[in-house]
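Protein chains in written order, with the UniProt record's numbering: chain A, 1 to 311; chain B, 1 to 123.
Everything labelled a hint here was simulated from the structure, so no lab data went into it.
Possibly wrong hints are sitting among the right ones.
[To be verified] Sample of chain A residues lacking proximity to chain B, with all beta carbon distances greater than 12 Å (derived):
| hint | residue |
| --- | --- |
| 1 | 12 |
| 2 | 40 |
| 3 | 82 |
[What the hints assert, rightly or not] Using C-beta positions, here's what the derived DEER-type ranges look like:
| hint | chain 1 | residue 1 | chain 2 | residue 2 | range |
| --- | --- | --- | --- | --- | --- |
| 4 | A | 27 | B | 107 | 17 to 23 Å |
| 5 | B | 102 | A | 133 | 21 to 27 Å |
| 6 | B | 92 | A | 120 | 32 to 38 Å |
| 7 | B | 28 | A | 74 | 44 to 50 Å |
| 8 | B | 57 | A | 26 | 38 to 44 Å |
| 9 | A | 23 | B | 61 | 27 to 33 Å |
| 10 | A | 30 | B | 27 | 46 to 52 Å |
| 11 | B | 74 | A | 113 | 20 to 26 Å |
| 12 | A | 30 | B | 57 | 34 to 40 Å |
| 13 | A | 13 | B | 61 | 43 to 49 Å |
| 14 | A | 67 | B | 52 | 33 to 39 Å |
| 15 | A | 114 | B | 107 | 24 to 30 Å |
| 16 | A | 97 | B | 28 | 48 to 54 Å |
| 17 | B | 25 | A | 31 | 29 to 35 Å |
[Stated by the list, open to error] Covered stretches of chain A, as calculated for chain B (at least 3 residues, CB under 8 Å):
| hint | stretch |
| --- | --- |
| 18 | 13 to 23 |
| 19 | 26 to 34 |
Quick reminder that beta carbons are idealized off the backbone N, C-alpha and C, glycines included.
Residues per chain, in single letters:
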Amino acid sequence: MSEAECQSRRLPTLVTYCQRVLSTYTDSISSLGDDAIRYDVIKPVLECCSADTLLRLEQSSPYLENDTSEIWQRLCWKTFPLLAEQYFQEGSEAPESWREQFFLLREAEAERLELAGSRLRSQRMEAEERKKEREVKITDRLPPPKRARGWGAPSQPKTLFQKTKNEATKFRTSVYSARVLPPTRQRTLHSSPSIKPAVPRPSEPTKSMVTVKTVTYKRPSIPPAPLQSSGRPTTPSVLTPATPPKLAASPPSARSSKPSPIVQPSSTGEQRPIKPSINKKDPMASLFMPKHRTLSQLPGQTGNARIVPTR
Amino acid sequence: MSNDVQMNDAGAEKRDDWVKITSSDGYSFLVKRSVAAISGTLKNMLSEDSSFREAIANTCPISERAAVVEKVCEYMSFKAYYEGPGSKEGVDVNEFTERIPPEVALELLLAADYLEGVLDSCV
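This is chain B alone, in the form it adopts within the complex (with noise of 0.2 Å):
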């Protein structure tokens, strides 16, 4: 990230702005592009430097039910928040693991396949 302190003032005004998320059956979510960056697939999608479409109008649409695109972008705030410079503390394991429904776990984990792809390296 810190690519972005390099960045000139209308990529930092961008880098703080809101995409949308949408879902399969018409859910739209509204997370901060630092968020949507925490999936590695996202952020290429939305990047500004690629041609996709979905960075043109700062629209990602995921093939996913809404319960778990949702789902998608908890993790993806928690997982911004754990690792901004807001908190030093360690995470508890469960934390996170009771928030997912376990009817919703299965599609989830393939959500998270698709999307995470490098997502345990650093980005």
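Bound-form chain A, shown alone (with noise of 0.2 Å):
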């Protein structure tokens, strides 16, 4: 008998089976049944259930509700730690239907969620649209010039991209614009003009680009400037339309001294023997005669207010 005893207590009961059984799929139980179930009975299988599940057994086994409050107190705690702490702390007794108190708690939870969300959201936004404020647009419309000369050095000149241009720029204007020639070379002066208006012209579409600096003044420290200066006073404002303010500045700064850079430089004077001779033979054959030193290397250069392409 004593054996029997011990084996019976070893093997659980039919109940305990279905117990187990049931508490392992209680999200498919979807009634308990029309006959009353004993609560104490069906009890492992509840405290195993979630909480809607729970909700929907008692939906269609009414009789249950009298005993599963402790079962929702447990869920309370359970589910909303802190928000239970918080309610908790507020000295207020137990609420009377547990039940409530779980949905209340579970309506402010999904409230809570929901401005943390939103909040959220409004912060990403921002970041987003400052980000692309921020990124390269791509668009047809000029950006607005750039202001003249002699309102201080653009902003970033020094992007590789920018000094390239500056440099192409300056090379074209050297290598198409007149060449100051020494005075004996007075023929050359008249057919550079010529060439100017031609060439540069359609090469500078943009207006900010600076044109022809038919400037023939020279400085009064290089000695064949006299020539030059009286014979072209109008030039500078007959070919160059493009960039009025920028030929504003050059009139005056011309009388004082360098309006083009092909212009300035005093130590040139040794370069000019060559371009003089290419012009003699054929005007056009000096577009394509690269210069002898880049123009931001010619000695003089630096300080000068050059006019600088803006695109």
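Can you join these two chains into the complex? Each is in its own frame, and there are hints to help.
So this is what it looks like as structure tokens:
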């Protein structure tokens, strides 16, 4: 008999087995049937239910509600530890219906989440907007032109692209614009204006580019100056209509010293002899003649208020 | 069960005979009396000492459908085997749980509650 006792205690009852199986599949339980079940029989199963399942079972078998308060209480504490703590510390007594309490807490939680979510969303959108403002945009409209020379260095002049453009423009203006020749080569001076209008104009589409600097004014330091200076007082205005602001600066500066890079350098006297010879033969050939030095390398070049292309 | 040892021969024969357990939808299950006695309720119903109709006919109707009754018989056999002198080793918990399909579990729970009665305690 004692053996049987031991063994019967070892073997779980059929009720226990069923309770175990039901607890595993609580969400699949649609209802507890028409007949009333003793609470203590179904209790272990209910304790394993989720809140929604418990609610559903209670709705189908209302007699359960009498005994499920403790289950709801446990659910409250388990699901909403923080909010329940808060609520508890406020000093209020245990609510009449823990079931009600549970759903109140659930709503509060959902609200909190929604609030945090919307805050996050707005922050993210603000950050994205800020990023968009900074990114490169493609447009076919030109940005506002840069101010005329004399307003200080343009913003970010030193980007590689900008530098290249500067140099290319200088190079082009130097090649295409008139050569200031020594006084012995006056003929070329006459021809050069004709070159200038033809060539620079098509190559300088934008209004911001400096086109022709037909400046023939030479610095007083250069001996051959007087001839040209007297001969071309009006060329700057005629040949450089595209850049009035810059030209406005040039005549006064021309009088002072150096309107164009070509004209200025005093030490380029030795360079001159090469160019006049080419111009004599074929004016157009000078277009393709590379300069002896790049403009930026010419002495006395730095510090000039150069017209900067503002693309 | 020690009482059985003292039973007379007629009783000893009866002890080992078969009893019929019927379900509400017409199925019948034959089990040994000793197995049926696992359930206190059934045991009482089939007891020769009582004058229940069931005892005379050795038939015990259960108002559950066959699937449920079958599982009840299965459990009773299972328990009878493990509680008999045959096996001494422990039983794995899942041994029987996996034999219970979830669809039947709820009804089986109710039936088991009704039938087991004093199953927990020694009979």
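Here is how each hint holds up against the structure:
1. 12: 7 Å, violated
2. 40: 10 Å, violated
3. 82: 35 Å, holds
4. 27/A x 107/B: 17 to 23 Å: The hinted range 17 to 23 Å holds for residue 27/A and residue 107/B, with Cβ atoms some 18 Å apart.
5. 102/B x 133/A: 21 to 27 Å: 60 Å, violated
6. 92/B x 120/A: 32 to 38 Å: 50 Å, violated
7. 28/B x 74/A: 44 to 50 Å: 45 Å, holds
8. 57/B x 26/A: 38 to 44 Å: 41 Å, holds
9. 23/A x 61/B: 27 to 33 Å: The hinted range 27 to 33 Å holds for residue 23/A and residue 61/B, with Cβ atoms some 30 Å apart.
10. 30/A x 27/B: 46 to 52 Å: For residue 27/B against residue 30/A, whose Cβ atoms are near 26 Å apart, the range 46 to 52 Å is violated.
11. 74/B x 113/A: 20 to 26 Å: Since residue 74/B and residue 113/A have Cβ atoms about 49 Å apart, the given range 20 to 26 Å is violated.
12. 30/A x 57/B: 34 to 40 Å: 38 Å, holds
13. 13/A x 61/B: 43 to 49 Å: Taking Cβ atoms as reference, residue 13/A and residue 61/B lie about 22 Å apart, which means the hint is violated.
14. 67/A x 52/B: 33 to 39 Å: 35 Å, holds
15. 114/A x 107/B: 24 to 30 Å: For residue 114/A and residue 107/B the Cβ distance comes to about 43 Å; the hint is violated.
16. 97/A x 28/B: 48 to 54 Å: 49 Å, holds
17. 25/B x 31/A: 29 to 35 Å: About 22 Å separates the Cβ atoms of residue 25/B and residue 31/A, which means 29 to 35 Å is violated.
18. 13 to 23: With 9 residues in contact (Cβ-Cβ under 8 Å with chain B), the coverage given for the stretch 13 to 23 of chain A holds.
19. 26 to 34: holds (count 4)
The earlier numbered hints that this structure contradicts are 1, 2, 5, 6, 10, 11, 13, 15, 17.
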